[in-house]
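Protein chains in written order, with the numbering used here: chain E, 1 to 325; chain Y, 1 to 374.
Just so you know, the hints here were simulated from the structure itself, not pulled from any lab data.
It should be emphasised that the depicted structure is a prediction, and the values quoted were computed from it without experimental measurement.
Incorrect hints may have been included.
Unchecked claim - Below, a list of computed lysine-lysine pairs in the DSS-like style, where the Cα atoms sit at most 30 Å apart:
1. K113(Y) <-> K124(Y)
2. K77(Y) <-> K262(E)
3. K83(Y) <-> K132(E)
4. K176(Y) <-> K35(E)
5. K222(E) <-> K178(Y)
6. K132(E) <-> K76(Y)
7. K113(Y) <-> K132(Y)
8. K102(E) <-> K262(E)
9. K176(Y) <-> K222(E)
10. K85(E) <-> K262(E)
11. K222(E) <-> K132(E)
12. K115(Y) <-> K132(Y)
13. K320(Y) <-> K230(Y)
14. K366(Y) <-> K132(Y)
15. K76(Y) <-> K222(E)
16. K89(E) <-> K222(E)
17. K83(Y) <-> K138(E)
18. K138(E) <-> K77(Y)
19. K222(E) <-> K138(E)
20. K132(E) <-> K77(Y)
21. K320(Y) <-> K113(Y)
22. K138(E) <-> K366(Y)
23. K35(E) <-> K178(Y)
24. K138(E) <-> K76(Y)
25. K230(Y) <-> K262(E)
26. K102(E) <-> K89(E)
Claimed, not checked - Residues on chain Y that point at chain E, a partial pick, calculated with CB under 10 Å:
27. E73
28. I86
29. V93
30. F97
31. L102
32. W107
33. M109
34. G127
35. D129
36. P177
37. V181
38. W193
39. S351
40. V353
All C-beta atoms in this analysis are idealised placements derived from N, C-alpha and C, irrespective of residue type, glycine included.
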Amino acid sequence: MQNVELQPKLENEKLQPDFELGPVKIRRSKLRSLKPADVIFVVINTLILSMAVAITLYPILNTLAVSFNDGLDSLRGGIHLLPRKISFKNYETVFGMNNLMKGAINSVARTLFAAVVHLIVTALLAYVLSIKDFVFRKPVSLFFVLTMYVNAGLIPTFLLMRELRLTNTFWIYVIPGMVAAFNLLVLRTYMGSLPDSLRESAQIDGANHMMIFWRIYVPICKPVFATIALFIAVYHWSSWFDNMIYNPRNTDLTTLQYELKKLMSSVSNQTTSSSSYGNSTQSVAITPVSVRAAATMVTSMPIVILYPFLQRYFITGLTIGGVKE
Amino acid sequence: MTDNGKDINTAEENLSAEELAAKKQEAALKRREAAYASTSSKAAKSLLDQPRPTSREERKRLKAEQRSEPKVELNKKTLLRQKELIIITIPFVLYGFIFYYLPLGGWLMAFQKYKPQNGLLGSKWVGLDVFKYLFGEETFRLAFRNTLVMGIINLVLSFVFAIGFALLLNEVRLRKPKRFVQTVSYLPHFLSWIIVVGIVRDMLSMDHGIVNEILVNIGIFKEPMNFFSKPNLFWWIVGFSNVWKETGWNSIIYLAAITAINPEMYEAAALDGAGRFGKMWHVTLPGIRSTIFILLLINIGNVLNWGFEVQYLLSNGLVKRVSETIDIWVLYWGIGQGDFSLGTAAGIFKSLVAIILIFIANSVAKATGDERLF
Numbered sequence: 001m002q003n004v005e006l007q008p009k010l011e012n013e014k015l016q017p018d019f020e021l022g023p024v025k026i027r028r029s030k031l032r033s034l035k036p037a038d039v040i041f042v043v044i045n046t047l048i049l050s051m052a053v054a055i056t057l058y059p060i061l062n063t064l065a066v067s068f069n070d071g072l073d074s075l076r077g078g079i080h081l082l083p084r085k086i087s088f089k090n091y092e093t094v095f096g097m098n099n100l101m102k103g104a105i106n107s108v109a110r111t112l113f114a115a116v117v118h119l120i121v122t123a124l125l126a127y128v129l130s131i132k133d134f135v136f137r138k139p140v141s142l143f144f145v146l147t148m149y150v151n152a153g154l155i156p157t158f159l160l161m162r163e164l165r166l167t168n169t170f171w172i173y174v175i176p177g178m179v180a181a182f183n184l185l186v187l188r189t190y191m192g193s194l195p196d197s198l199r200e201s202a203q204i205d206g207a208n209h210m211m212i213f214w215r216i217y218v219p220i221c222k223p224v225f226a227t228i229a230l231f232i233a234v235y236h237w238s239s240w241f242d243n244m245i246y247n248p249r250n251t252d253l254t255t256l257q258y259e260l261k262k263l264m265s266s267v268s269n270q271t272t273s274s275s276s277y278g279n280s281t282q283s284v285a286i287t288p289v290s291v292r293a294a295a296t297m298v299t300s301m302p303i304v305i306l307y308p309f310l311q312r313y314f315i316t317g318l319t320i321g322g323v324k325e
Numbered sequence: 001m002t003d004n005g006k007d008i009n010t011a012e013e014n015l016s017a018e019e020l021a022a023k024k025q026e027a028a029l030k031r032r033e034a035a036y037a038s039t040s041s042k043a044a045k046s047l048l049d050q051p052r053p054t055s056r057e058e059r060k061r062l063k064a065e066q067r068s069e070p071k072v073e074l075n076k077k078t079l080l081r082q083k084e085l086i087i088i089t090i091p092f093v094l095y096g097f098i099f100y101y102l103p104l105g106g107w108l109m110a111f112q113k114y115k116p117q118n119g120l121l122g123s124k125w126v127g128l129d130v131f132k133y134l135f136g137e138e139t140f141r142l143a144f145r146n147t148l149v150m151g152i153i154n155l156v157l158s159f160v161f162a163i164g165f166a167l168l169l170n171e172v173r174l175r176k177p178k179r180f181v182q183t184v185s186y187l188p189h190f191l192s193w194i195i196v197v198g199i200v201r202d203m204l205s206m207d208h209g210i211v212n213e214i215l216v217n218i219g220i221f222k223e224p225m226n227f228f229s230k231p232n233l234f235w236w237i238v239g240f241s242n243v244w245k246e247t248g249w250n251s252i253i254y255l256a257a258i259t260a261i262n263p264e265m266y267e268a269a270a271l272d273g274a275g276r277f278g279k280m281w282h283v284t285l286p287g288i289r290s291t292i293f294i295l296l297l298i299n300i301g302n303v304l305n306w307g308f309e310v311q312y313l314l315s316n317g318l319v320k321r322v323s324e325t326i327d328i329w330v331l332y333w334g335i336g337q338g339d340f341s342l343g344t345a346a347g348i349f350k351s352l353v354a355i356i357l358i359f360i361a362n363s364v365a366k367a368t369g370d371e372r373l374f
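Starting from the given sequences, assemble the full structure and let the hints guide the process.
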């Protein structure tokens, strides 16, 4: 009975908006529910989500606007979404900061290194552990899964790194944490869901496991690799703690985030005495606040530009990981 | 949510009820056959021959059997056959041992008066003295309280917001706006805490911060407030910073769970006269219940791990009593002051509490008959 009523309306679906909120797509089961209460629900829902978007985007757009605004002019306040007095001085200053640029090089280096090496290494272990008749599959899996729950803590780890002579080297950024249990589980689950015959037929043809991994599994696993590489890259791009703990004074090994942190703490000290600050910077057309905004933009842009393209992948990866954990 | 998820969802909706039922039956049959094939014991087979099991226990047992893997005997022949796999695994185990398990040996320091020049074996043993000192220290007790309270606030807020956001987003029927909101919501996850804390500072700033501007303009405040000097606000600033950063990201898993809800349920609810809100409340939310429970269980063990980056970066002298967490305390006393024994003891205490929390959560879950971790 219902369906008969709906038929004519469904055909016009694209032409006629249903109510003032715009063309709401109707499916068979949904149409019945357009009661006044539902209209209110949709309106409130739209309002809440619009507000969520505004709250998420405003701070970022505001920082962007400040970063392109003249430093002294920004101190007057009132800059919201658009710069008032456009200036590129802030970015010039940021790109002229020696340490920040060194940090950028180190950050890019550790991020790329980790995203490639950690991924391949973890994937290789995941491949081995995805083979169901491997004798040590269970104990080795448990060995790594337990690391999610058992953590020695900061001090023993710190002392170990010192014993291993990793402090004050670039390697402290990329050697620890090479096999993350969560990533391992996601990869193992994905590889485990591939048919065994894939591997077995290659074995019959005489391929060894390294060959199977490289020639067969790596190409097939590209989507999940993209996810894991993104997870690793985000982690390494955002890290600063290892820098602060292990290489605090070596500026050749500084990272972008750590430099940004130093910049921030110098600013936060100054804002408390901002009244006296205005006078002292009359001669320079830049202020810490606007330089920091520019540095924030430089630091966040690489990943912010990248992630929407990888969205499809990381959603899949998270779903696999979450279900199996 | 994803393109895939959505397509599956619509595809399922297009199937009629009978087709769905038939499909399900087929799948169940397949599962049983698989279980049958992989069982060797006679008793288990006779159990499987009974009609489709309905009780929770039976379903669980079936699942376990279906999962059961081919048994490989540990003997010379297998070892030889799998020598390549074993050779690949050895470096990993060595690496894991050195970087994950070897530091555990450092726990011995907590029972010593550890001096780096004497080493782990040459230092003087003091029993539980370090722990006694630790619990006598007021700043540590405060740090423990702060860590626990902020962890719980974060846990509750992040769950409520992520679930709420997923439910509301799921109600958006227009594809493009939905995608837009989703993409925007993931953005803050990709910003580091350094940046997020900078942003939070800017937004709450006394001079021209948007929050103060709005609150003064609509007359709630007479003059801008210094949010960071108020100890009673600090926990909430931390909690909502985390909500801002992670709500979108955390909602991914719920949105995925929602796509798995049987569309028939919505049709049944509609027949009962449920509106959009009613369906969301009575179908969608119960539909992701088990996902919520599992994630809650996983995260309870992590409650104490939420006490570092934000607090460390946001804190200042005025709010130290409420902002200092165990990790910050360890950093200060262990690395800063070089008291390795004390720092290690605090770390051990944190690990123990985390394990106790996991066990409590798990047994509560067991008692209420819901999902559990182990």
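Hint check results:
1. Between K113(Y) and K124(Y) the alpha-carbon distance is near 5 Å, which keeps this suggested pair within the 30 Å criterion.
2. Under the criterion of a C-alpha separation no larger than 30 Å, the hint pairing K77(Y) with K262(E) is inconsistent with the structure, at around 59 Å.
3. Using a Cα cut-off of 30 Å, the hinted pair K83(Y) and K132(E) holds, with the two alpha carbons roughly 15 Å apart.
4. Between the alpha carbons of K176(Y) and K35(E) the distance comes to roughly 24 Å, so the proposed pair stays at or under 30 Å and holds.
5. Distance restraint check for K222(E) and K178(Y): the Cα-Cα separation of roughly 27 Å lies within the 30 Å cut-off, and the hinted pair is therefore satisfied.
6. Distance hint between K132(E) and K76(Y) is fulfilled; the C-alpha atoms sit about 18 Å from each other, no more than 30 Å.
7. Of the supplied pair hints, the one linking K113(Y) and K132(Y) holds, its CA atoms being roughly 13 Å apart against a limit of 30 Å.
8. Note on K102(E) and K262(E): the hinted pairing holds, with a Cα-Cα distance of about 14 Å set against a maximum of 30 Å.
9. Restraint check for K176(Y) and K222(E): the C-alpha separation of about 27 Å stays at or below 30 Å, so the hint holds.
10. With a C-alpha separation of about 27 Å, the suggested pairing of K85(E) with K262(E) holds against the 30 Å cut-off.
11. With a C-alpha separation of about 22 Å, the suggested pair K222(E) and K132(E) falls inside the 30 Å cut-off, and the hint holds.
12. Restraint check: the Cα-Cα separation between K115(Y) and K132(Y) comes to about 19 Å, which is no more than 30 Å; the hinted pair holds.
13. With a CA separation close to 11 Å, the supplied pair K320(Y) and K230(Y) stays within the 30 Å bound.
14. Between the alpha carbons of K366(Y) and K132(Y) the distance comes to roughly 35 Å, so the proposed pair goes past 30 Å and is violated.
15. In summary, the hint linking K76(Y) to K222(E) is not supported, as the alpha carbons are separated by about 36 Å, beyond the 30 Å threshold.
16. With a CA separation close to 42 Å, the supplied pair K89(E) and K222(E) exceeds the 30 Å bound.
17. Note on K83(Y) and K138(E): the hinted pairing holds, with a Cα-Cα distance of about 17 Å set against a maximum of 30 Å.
18. With a CA separation close to 19 Å, the supplied pair K138(E) and K77(Y) stays within the 30 Å bound.
19. A distance of roughly 26 Å separates the Cα atoms of K222(E) and K138(E); the hinted pair therefore holds under the 30 Å criterion.
20. Between K132(E) and K77(Y), the direct Cα distance comes to roughly 17 Å. Compliance with the 30 Å bound is thereby established for this hinted pair.
21. For a cut-off of 30 Å, the pair hint linking K320(Y) to K113(Y) stands: about 28 Å separates their Cα positions.
22. For the hint pairing K138(E) with K366(Y), the CA-to-CA distance comes to about 25 Å; that is within 30 Å, so the pair holds.
23. Only pairs whose Cα atoms come within 30 Å are accepted, and K35(E) paired with K178(Y) is accepted, the gap being roughly 22 Å.
24. Of the pairs offered as hints, the one joining K138(E) and K76(Y) holds, with about 18 Å between alpha carbons and a cut-off of 30 Å not exceeded.
25. Straight-line distance between C-alpha atoms of K230(Y) and K262(E) comes to about 24 Å, which keeps the hinted pair within the 30 Å bound.
26. Restraint check for K102(E) and K89(E): the C-alpha separation of about 20 Å stays at or below 30 Å, so the hint holds.
27. Using the Cβ-Cβ criterion of 10 Å, the hint placing E73(Y) at the interface with chain E is satisfied: the shortest such distance is roughly 8 Å.
28. Given the 10 Å rule on beta carbons, the hint for I86(Y) holds: about 7 Å separates it from the nearest Cβ of chain E.
29. For V93(Y), the suggested interface contact is upheld, since its CB lies about 7 Å from the closest CB of chain E, less than 10 Å.
30. Among the interface hints, the one on F97(Y) holds; its C-beta lies about 8 Å from the nearest C-beta in chain E, closer than the 10 Å criterion.
31. Taken as an interface hint, L102(Y) checks out: its beta carbon lies about 6 Å from the nearest beta carbon of chain E, inside 10 Å.
32. Annotation: W107(Y) was flagged as interfacial toward chain E, and the flag holds, the nearest CB pair being 7 Å apart, inside 10 Å.
33. The restraint placing M109(Y) at the interface with chain E holds, with a minimum CB-CB distance near 7 Å, inside the 10 Å limit.
34. The beta carbon of G127(Y) comes no nearer than 19 Å to any beta carbon in chain E, farther than 10 Å, and the hint placing it at the interface is violated.
35. Nearest Cβ of chain E to the Cβ of D129(Y): about 17 Å, over the 10 Å cut. The hint is violated.
36. Hint on P177(Y) holds. Least Cβ distance to chain E is approximately 8 Å, under the 10 Å limit.
37. With 10 Å as the threshold, the beta carbon of V181(Y) comes within range of chain E, its nearest partner Cβ sitting at about 5 Å, so the hint holds.
38. Taking 10 Å as the C-beta cut-off, the interface hint given for W193(Y) holds, the closest approach to chain E being about 7 Å.
39. The interface hint given for S351(Y) holds, since its Cβ lies 6 Å from the closest Cβ of chain E, which is under the 10 Å cut-off.
40. Because the smallest distance between the Cβ of V353(Y) and any Cβ of chain E comes to about 12 Å, over 10 Å, the interface hint for this residue is violated.
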